[in-house]
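Number of protein chains: 2
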Amino acid sequence: MTKHLRPALLLACFAVTASTFAQTSFQPNLMPLPSEITQGSGALVLKSTFKVETPRTHDARLEAAIARAVRRMETAADLRHEGRGVFGTTPLVVSVAAPGQAVQSLTEDESYSLTVTSEKAMIEANTDVGAMHGLETLIQLVQPTPQGYEIPAVTVHDSPRFPWRGLMIDCGRHFEPIPVIERNIDAMAAVKLNVFHWHLTEDQGFRIESKLFPKLTTKGSDGFFYTQDEVKEVVAYARARGIRVVPEFEMPGHSAAWLYAYPELASGTVPDEIRREFGISNTALDPTREETYVFVRKLLTELTALFPDAYVHIGGDETPAPDWKTNPRILAFKKAHNLKDNDALQAYFNTRVLAILTSLHKRMMGWDEILTPELPKDIVVQSWRGAASLAKGARMGYEGILSAPYYLDGMRPAGVHYLADPVPADSTLTAEEKKRILGGETPMWAEHLNERDIDSRIWPRAAAIAERFWSPQSVTDVDDMYRRLAVVSLELESVGLTHLQSGDARLRAMAHTEQIDDLRTVASAMEPVSFGERSKTQHTDQLTALDRFVDAVRPDPASRHWSELTTTACLKKDAVACAQLTAWFQQIDRAIPHAKEQAAASPQMQDVLPRLDQMHALMVIGEQAADAVEKGSTASGKADWQATLNEAKRPAALVRFTFLDALTKLVEAAK
Amino acid sequence: MTKHLRPALLLACFAVTASTFAQTSFQPNLMPLPSEITQGSGALVLKSTFKVETPRTHDARLEAAIARAVRRMETAADLRHEGRGVFGTTPLVVSVAAPGQAVQSLTEDESYSLTVTSEKAMIEANTDVGAMHGLETLIQLVQPTPQGYEIPAVTVHDSPRFPWRGLMIDCGRHFEPIPVIERNIDAMAAVKLNVFHWHLTEDQGFRIESKLFPKLTTKGSDGFFYTQDEVKEVVAYARARGIRVVPEFEMPGHSAAWLYAYPELASGTVPDEIRREFGISNTALDPTREETYVFVRKLLTELTALFPDAYVHIGGDETPAPDWKTNPRILAFKKAHNLKDNDALQAYFNTRVLAILTSLHKRMMGWDEILTPELPKDIVVQSWRGAASLAKGARMGYEGILSAPYYLDGMRPAGVHYLADPVPADSTLTAEEKKRILGGETPMWAEHLNERDIDSRIWPRAAAIAERFWSPQSVTDVDDMYRRLAVVSLELESVGLTHLQSGDARLRAMAHTEQIDDLRTVASAMEPVSFGERSKTQHTDQLTALDRFVDAVRPDPASRHWSELTTTACLKKDAVACAQLTAWFQQIDRAIPHAKEQAAASPQMQDVLPRLDQMHALMVIGEQAADAVEKGSTASGKADWQATLNEAKRPAALVRFTFLDALTKLVEAAK
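For the record, the sequence lines run as chains A and B.
Take 811 as the starting number for the first sequence in the numbering used here and just add one per residue.
Take 811 as the starting number for the second sequence in the numbering used here and just add one per residue.
Next up, chain A with everything else stripped away, as it sits in the complex (with noise of 0.2 Å):
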């Protein structure tokens, strides 16, 4: 039977093993899931498009939300588009008690009802952004059925566990155009995200038009960057969609492109073009002189004019500043402030700072580096150091959120980041203190990113943290999670993102023909090193093009869990599961001899050649291990297999194999 299993059914079953496991009888597909949902009976059935009622407030952002809406409804459902101007037959009510903050807020009130019968839906919030949360999560209730599409009736009572639910995409080291941010926008509201973090200014390049200071983008992002009324563009778009944009300016360190434009304000070495390599720079902002200062107040009273929202980020992190230690004047003038070392002075310059931001009605925020005493209670730090300094900052009064377990560029899989809690279930934290901690924000890296594959690198795991941020603190059945990830993963690319298509085109590209079905096999068990990995295996600066097999591959792709999940069951003696994993690791065998003649011939591919034959050797283990547990006999050969396996781990030509957990487990246990 196993040997004649059909290859796609198998991947077919990627959904109906994982479903297998989950353990509710009503499993909406919603992500992130709602604080309160009851089934009701029966289901809105979609016949014709929507027929809208706004009957308190409705003003324009909420008329295009719902426009917006339906649209998507619509082309989920098989419906035509009458939402233009001729309204259909189902009732869809948004009741809106009013618009909400002129500037959105921490405060916004987000929560709404959501009530779907077999005769209308109705949504009811007290603001715009509210309205527009009810309206996902009713996107997200559209099911197919045979014969056609529904909403099943249910109930909804929802609100976010944490107001400050963010997104950072570093667009200093790699460029990212204004097509790419706004679809991730609309991604973000997809799954409730709502701060924009947008890391605008890197060593590598700043990205923003300053009219003021003109060099900064003629010098200093070769080219790459925002005008200002692109800005202003990408601020409406978020707007019109609940989300906060928050910018980034890093200072005093991460100014190489700014410094190169600039050279006056450096403390020391200047570099004399925009600095390619990655890590850490000995650049900064000389914090000792006035002129600093005087240029900072002009450069943020211009560009933080653009951004209504009320907090401004200042980087801060990564100093080391060997110039502050060296220079005379910079060691006269901590000697005369009495400023013991490097980081008194930056939280010297982080008080001249707040003073100019204070003044501008800007709220400061930065990376844990700025949390010092000198500074008041109303910044907020954002911790790449963890839930345990964050909670430190918490105690001693300080609002922050969590970024550390969050960062995307590390390739770790969504279960992971999935589990990390800002507030963990077992922090001593008081009730107050608590408080402080505003929720978390995924940042993207951008030293392995480019404008094609991005969308890969955020999506869709970022959902899956979207869902910790939104979601109960008793939210955490990780397989539950990965079967509502696949179908909110359709949602996202349904929303515009590139992320179930980018690889395949890079396949494309690298092996110069459209037939990669074989490639694309093999590429669905690998994932990419961690950035730790990559960084250190292949040298790589702002000018390596990031084309290789690598950046085909995605993080986390559904082969991990599934394949972990089938593998525990065939543990168990499940025989069906047993077979699955079989077939699979023959359909994975199958593809190899091709994919490999068309690594052979590209010039991308070279490096995973080998790779290939070790997979090819771990799917031979694979079957004969799965074929041992199954029946309970002893396999051959197990004595040489611990060798390849361990050889397997090993991070080459950038790439890890997916399935490695699982099948050390397999092997293990075959006896």
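Think of the hints as simulated: they come from the structure by calculation, not from any bench.
Check the hints yourself; a few may be wrong.
Note that the list lumps identical chains together, so a pair holds whenever it fits in one copy or between two copies.
[What the hints assert, rightly or not] Here are the simulated BS3-like pairs of lysine-lysine, each with C-alpha atoms no more than 27 Å apart in a straight line: (1) Lys1382 / Lys857; (2) Lys1244 / Lys1025; (3) Lys1202 / Lys1172; (4) Lys1441 / Lys1481; (5) Lys1021 / Lys1172.
These figures come from a predicted structure and were not determined experimentally.
Following the hints, put chain B in place on chain A, whose structure we already have.
Same frame as chain A, but now just chain B:
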């Protein structure tokens, strides 16, 4: 042996087999083929990016074009992106005599020479536009080797056969966002098309902002229109790529959206909403009232100012205008002006519009219907009626371009379009008359089009048509065209088109899963029915959701030409070809059960189910027939085959099988 061929290897045979049939030893993958190309010795090995020299002119447009080209070659050839500022070491000399015309015209010198040696690449041209064509040829010459990328040594002297090489996109029936337009302009430039004909107004929508007459878009566009700033952006974008933009404002017919906004301009029947039905409407401007011409003059004065091009298209087709035969005022006008019928009245209208355009220093262009003896010889006729109609105009002294054989919505194979010549080899026109045939345009009408699938409807077929318009008339090898088309199709993806991705996205959306391998396999052997067939079978209007299986399959997929080539070879007793065919039939047949399962669960794929049953029957016939042909034996059951084939030939589920012609030949030969 046959039974064990890997499916993916078989798919790879699409390319391999095709090249078997090609004829010459030096086969650069260029499209369009240049008028003269000679192979040199060796190759320019690409180890680092280019060191660019522009020894003569180097204006901003040229510099930007070179920067883009270098970037594309870096991306294609795995080179570090040094082009942004720090130059590489591979010499690229671009020597241009003068930037060219301030406003690109028919007389722009588009010729170029390209010389590649093992030392350097050199482009020489009289104008920037010529140099840009040379850059596109250079990019297409980049070839992979297992060790890296190189450009073979060549000498090219090239210039176009026709000066007018256009793509028309209908943005009236369905709107296309700016990014869609811009990436299609990039694709046009990649295959040396030089006219973007922008069909901006239709019964279903008026898509360009008028500040004088805002109701044209507030009432006539559903909110989907181009602002004047966006229009200027597109025109600049196109100019930067050597492409003229010719706007079309349809009058006096195809103007229902216009007259919905301004009913006082209509000759009678006025729509009370935007017309959703396609086809020919009865609505028309009133040609008898001076107010009409006052409005048209103001509107054209405002809108044509956005387009620097010398030509303005007024449509002019399909104006039955029944009101012109019944409205007493119009009847009186016709009598008073001695206009014997509606054609004469339309000619009067055209004369009046021509006077307006002439005063605006624009040349008038329109579809066949504008060609009447009342009109002077400086109008240009775009022929939807065909080469004979065009030749007739040329004999009368009118210039014209051919469009009839290039309608992309006809869903015909690239090979059919390819062999249609604007000036057929057997033309009886004099040399002077032939010169009046300026070239051609391929129109993409938008009844069945949306922004998600448009690229796959235009490309890669339009590349074959581009070759017809550019390359020498003698270039007519369809097999070689298809071989090169497969390569250029990948290049078109690299410039940003989604034609290779959109079908997969639609299959995922319909099947509600990422696991679409089997659906992809069956879809690869189907194509959409023609425009006419779809219009007959499915009631489609502007509000119809275009989200069915037909929208996921591509026109003229690789399986069509491959099955024909391979069948021809098999019939010549090529055993490998017969085995490939058999294995291909088996591969598809294996995919059918799971594809059926997925179709059965999908609301949008119910109509595909019987088609898949037919497909299974055809695959069985194919296997048996190929086997019989290979062995020279008699196939049993042949009597029943014809009925199955006949049934399968009828369009159903809005799709056709691509391999039916090939299979019919195979069946006929199986005796």
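Consistency of the hints with the structure:
no.	hint	result
1	Lys1382 / Lys857	neither (45 Å within a copy, 54 Å between copies)
2	Lys1244 / Lys1025	neither (44 Å within a copy, 55 Å between copies)
3	Lys1202 / Lys1172	within (24 Å within a copy, 73 Å between copies)
4	Lys1441 / Lys1481	within (10 Å within a copy, 50 Å between copies)
5	Lys1021 / Lys1172	within (21 Å within a copy, 39 Å between copies)
Checked against the numbered hints above, the structure breaks hints 1, 2 and satisfies the rest.
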